[in-house]
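Participant: Chains as they are written, first to last, in this note's numbering: chain Y, 7 to 245; chain G, 13 to 301; chain V, 3 to 348.
Don't read these hints as lab results, they were simulated from the structure. On a predicted model such as this, the values are computed, not experimentally measured, just so you know. Fair warning: there could be bad hints in the mix.
[As the list claims (entries may be wrong)] The list that follows gives simulated cross-link-like pairs (lysine-lysine, PhoX-like), each with its CA atoms no further than 20 Å apart:
#	chain 1	residue 1	chain 2	residue 2
1	Y	LYS80	Y	LYS124
2	Y	LYS80	Y	LYS27
3	Y	LYS80	V	LYS199
4	Y	LYS124	V	LYS199
5	Y	LYS206	Y	LYS230
6	Y	LYS206	Y	LYS27
7	V	LYS246	V	LYS199
8	Y	LYS62	Y	LYS34
9	V	LYS28	Y	LYS139
10	Y	LYS193	Y	LYS237
11	Y	LYS34	Y	LYS67
12	Y	LYS139	V	LYS199
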Amino acid sequence: MQILEGEGVTKYFGGLAAVSKVDFSVTKGEVFGLIGPNGAGKTTLFNLISGAFAPKPGVIKFRGEKISGLSPHKICRRGVARTFQDVRVFANMPALQNVLLGSLFGTPTGMSEAEANKRAIELLDFVGLSAMKDIPAGGLTLVNQKRVEVARALATRAELLMLDELMAGLNPTETAEAMELVTRIRKRGVTIFMIEHVMKAIMGVCDRIMVLHHGEKIAEGTPKEIATSKKVIEVYLGE
Amino acid sequence: MFASILDIIIDGLFMGGIYALLAMGLSLQYGVARVLNVSHGEFIMVGAFLTLALHTGLGMNPILTLVIIGPIIFIVGYLLHRTLFSALLKSSPSTEVFEGKSLLATFGLLFIIQNVAVLIWGSATRSYSYLASPVEIAGAITSLNRMVTLGITIAIGLAFYIFLARSRMGKAIRAAAQDPATAGIMGVNINNVLALCFGFGLLMAGIAGVLYSMCFGFYTTMGLGFTIIAIIVVVLGGLGSIPGSFIGGFILGIVGQITNTFEAELTLAAYYFIFIVLLLVRPKGIMGK
Amino acid sequence: MQYLLTSICSLCMVYSGWFIDRLLGKEKRGKWLTSGVLLLTLALVATLPVYGTSYAPILMTTIILYIILAVSWTMFSGPTGYMSLATAAFFGVGIYTAAFMAGDFPPPVFILVGGAASFILALGVGALTLRLRGIYFAIFTFGLVELIRHVLAFIELHVTGTRGRFVFGVDNETIFYYMLGVFVLLMITAYFLNRSKFGLALRSIGEYEAAAAHTGVNVTMVKIVTFAVSAFFMGAVGAIWATKLHYVDPGIAFNPLFTFIPVLMAIFGGMGLLYGPIIGAAFFTLLKEFLTTTLAKYGLGELYMLFFGVILVAAILFMPNGVVGVIQRLTQKWRKGGPVEEHADT
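Produce the complete structure using the sequences and hints provided.
Facilitator: Listed below in structure tokens is the structure:
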């Protein structure tokens with residue numbers, strides 16, 4: 007079953023197409039990777055899905071319902087949550103409050119403050135940050151800030167989690183932990199759509215991968231197919 | 013009827029020229045240096061009073077005073093940026109924070125300059141007479157000083173545009189406006205360029221002040237009104253677009269003359285109305301990208 | 003004498019702000035002591051007309067007015083980082099409401115209506131403009147004040163054939179108590195606003211608006227409602243202030259100084275905590291009073307803005323987090339504990 011579908015998704019900035027006529031679909035329960043050289047339009051595509059801007063033209067559907075054109079908070083409450091490439095935690099708030107915002111405001115049905123608090127504590131534990139719940143998020147290390155972002159996104163009861171370069175800037179041990187975290191999130195039944203530069207990571211955890219170049223989709227397939235695709239190799243070597 | 017339409021257009025162009033100069037100055041300060049300078053209009057006032065002092069005190073020709081007043085105001089602007097604004101720039105974590113802080117700092121400057129001016133020159137309206145002889149153009153009557161003013165504003169506008177487009181410094185300024193970080197890497201001394209822009213911006217207001225004083229009475233608290241007009245023009249033309257400000261100035265001048273002819277008290281209300289509608293419908297302005 | 007009494011009362015108001023900051027900071031120690039002191043300080047302020055000179059409550063009314071304007075401005079502009087320059091518009095709407103209603107209705111009615119009118123105006127303005135970012139919002143709100151002023155001046159002159167209007171006066175003591183009442187209401191509102199789910203959402207917007215939106219916070223709604231609540235208080239005190247003025251016209255009611263001065267006060271005091279703008283407002287009102295009376299002897303009464311300008315520039319340069327920032331740094335040095343931690347300014 008397709009959880010997320012895009013048809014002819016396009017976005018112009020000025021006269022330049024950042025994303026051009028991209029069709030894609032993400033199957034429920036899978037880990038779907040998105041790769042491409044710098045400036046390929048990957049983050050723009052994430053922004054289009056999460057509602058930072060609307061595609062023009064193009065349609066994005068989540069669980070069969072059109073979500074393109076909705077405001078970000080509505081899309082979030084439908085069940086699409088995300089993290090950011092440039093890690094956006096609420097720096098002066100304690101880690102727990104960061105996650106609490108997700109469970110208080112981002113869930114489809116809403117929940118009482120007591121429930122929301124319980125959920126936030128549970129998710130902070132899930133990402134392994136229980137001990138740091140009272141530390142302002144801005145004071146945490148990069149990897150822990152990323153974990154806060156993941157917990158905050160999951161707290162919204164998201165069915166689809168979009169991870170924008172989760173592994174960027176992490177050392178090998180942290181990267182391995184992050185890969186393990188992705189697997190554990192998947193086991194919770196959450197579908198994952200991830201942008202990644204770390205090839206080892208993306209080849210290791212993804213079921214399928216889509217490649218963007220200059221805003222256009224140039225390939226899609228299993229990690230093996232992508233790794234051997236001539237077109238993809240050309241794009242990466244031609245850089 | 014024809015003559016009166018021509019009257020409106022000529023007077024509108026003349027006021028428009030003053031607005032265009034002011035707005036170009038503000039546009040430089042905001043578009044490049046990111047300072048929305050609300051004390052901008054104070055320098056048209058300062059320019060006017062300095063002209064009065066040089067003209068009545070030393071008997072100088074008001075147009076010649078440009079040669080003295082221009083550099084003085086330019087240097088004041090340059091030094092202001094080198095001290096105050098560059099310190100704020102250094103202590104601000106982001107452009108947005110800097111914009112907020114510098115906006116407030118210019119409010120402080122506004123209060124300081126205005127009150128010092130009141131202290132020195134009092135609050136009465138002052139004026140002097142220069143080239144006030146009437147001129148007739150195709151049946152419309154205007155005065156020689158207005159025509160001279162219009163000519164000078166257009167000349168300065170064009171000269172500055174060519175300076176920006178052609179000269180090395182002009183290119184550095186445009187580079188800094190587009191992307192300060194990269195311009196810095198490319199070897200442009202960014203602090204110097206920003207300070208120059210701020211100086212040039214004030215210079216425009218100063219020149220406008222000299223010209224304005226030749227044609228109208230002026231008083232020490234008139235600055236804010238001009239700042240507001242300059243802001244409206246800059247938004248009209250597109251924040252940061254120099255040609256946009258120039259054209260926007262003339263448009264507002266003519267709109268002002270038209271409302272002025274029908275209902276003088278509504279002139280300012282008409283400005284704000286245009287401005288607010290424009291902000292809502294097209295915040296990028298007519299020339300904005 | 004009047005300076006001494008009003009300064010003491012101002013300190014009491016600063017204390018009440020500090021008390022609420024403490025409550026919000028979940029500081030439990032000395033709960034009974036601090037609450038007791040709060041009641042005492044409020045009693046001290048409330049009985050000012052009894053023991054003070056006849057002028058003391060009049061000056062105190064002005065101080066409370068600016069405290070309310072500065073605190074309600076900070077309520078919206080502090081956490082969101084949107085610089086609103088519309089204070090004079092909401093204040094003026096309150097003034098004009100009272101001009102129409104005072105005399106026919108008792109003060110509580112026109113105060114509430116004045117606040118409500120500003121609230122509604124702010125809802126409309128907010129819905130239209132809160133999508134404008136940064137400097138555009140500041141310019142727009144400033145333009146709004148001027149537009150209202152000029153249109154109203156035109157209506158006065160050409161439609162009703164007047165320049166301004168007389169406002170049915172209320173005695174100084176009554177004005178003082180209404181002003182104090184609105185202050186207490188503002189403090190209670192600030193407390194619940196901060197403590198609630200809504201306050202958490204507001205703070206998240208201040209920290210990272212885009213992230214808040216993608217976490218499910220309806221950022222537009224939160225911003226508009228906060229903007230309108232802060233406008234309510236500006237309008238309410240405008241309505242009270244009108245009865246003190248006796249005569250109002252558009253130039254008096256929509257004077258842009260009522261926008262600038264509260265902003266200056268809030269910046270000077272510091273916007274991170276509630277007591278910051280209160281310190282700023284009290285300090286500047288007293289300074290203004292002192293300067294105008296002193297300078298008036300030399301016929302230079304209006305020059306106080308020169309000093310305000312100098313202080314504003316110096317405060318922006320040397321105290322980026324206002325008096326609050328300085329106090330926090332000093333207390334931390336005094337305790338010699340932990341790294342210096344300041345509240346982020348916006």
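Participant: So, for every hint listed, does it hold in this structure?
Facilitator: A quick look at each hint next to the structure:
At most 20 Å may separate the alpha-carbon atoms for a hinted pair to count; Y:LYS80 and Y:LYS124 exceed this at roughly 23 Å. With a C-alpha separation of about 24 Å, the suggested pairing of Y:LYS80 with Y:LYS27 is violated against the 20 Å cut-off. For the hint linking Y:LYS80 to V:LYS199, the alpha-carbon distance of about 18 Å falls within 20 Å, and the restraint holds. The suggested pairing of Y:LYS124 with V:LYS199 holds, with an alpha-carbon distance near 15 Å, which does not exceed 20 Å.
Pair hint Y:LYS206 plus Y:LYS230 holds up; C-alpha atoms about 12 Å apart against a cutoff of 20 Å. As the CA atoms of Y:LYS206 and Y:LYS27 are separated by approximately 29 Å, the hinted pair breaks the 20 Å bound. Note on V:LYS246 and V:LYS199: the hinted pairing is violated, with a Cα-Cα distance of about 38 Å set against a maximum of 20 Å. In summary, the hint linking Y:LYS62 to Y:LYS34 is not supported, as the alpha carbons are separated by about 26 Å, beyond the 20 Å threshold.
For the hint pairing V:LYS28 with Y:LYS139, the CA-to-CA distance comes to about 16 Å; that is within 20 Å, so the pair holds. Note on Y:LYS193 and Y:LYS237: the hinted pairing is violated, with a Cα-Cα distance of about 33 Å set against a maximum of 20 Å. Between the alpha carbons of Y:LYS34 and Y:LYS67 the distance comes to roughly 13 Å, so the proposed pair stays at or under 20 Å and holds. The straight-line distance between the Cα atoms of Y:LYS139 and V:LYS199 is roughly 19 Å, inside the 20 Å bound, and the hint therefore holds.
In the structure shown, a violation is registered for the earlier hints numbered 1, 2, 6, 7, 8 and 10, in ascending order.
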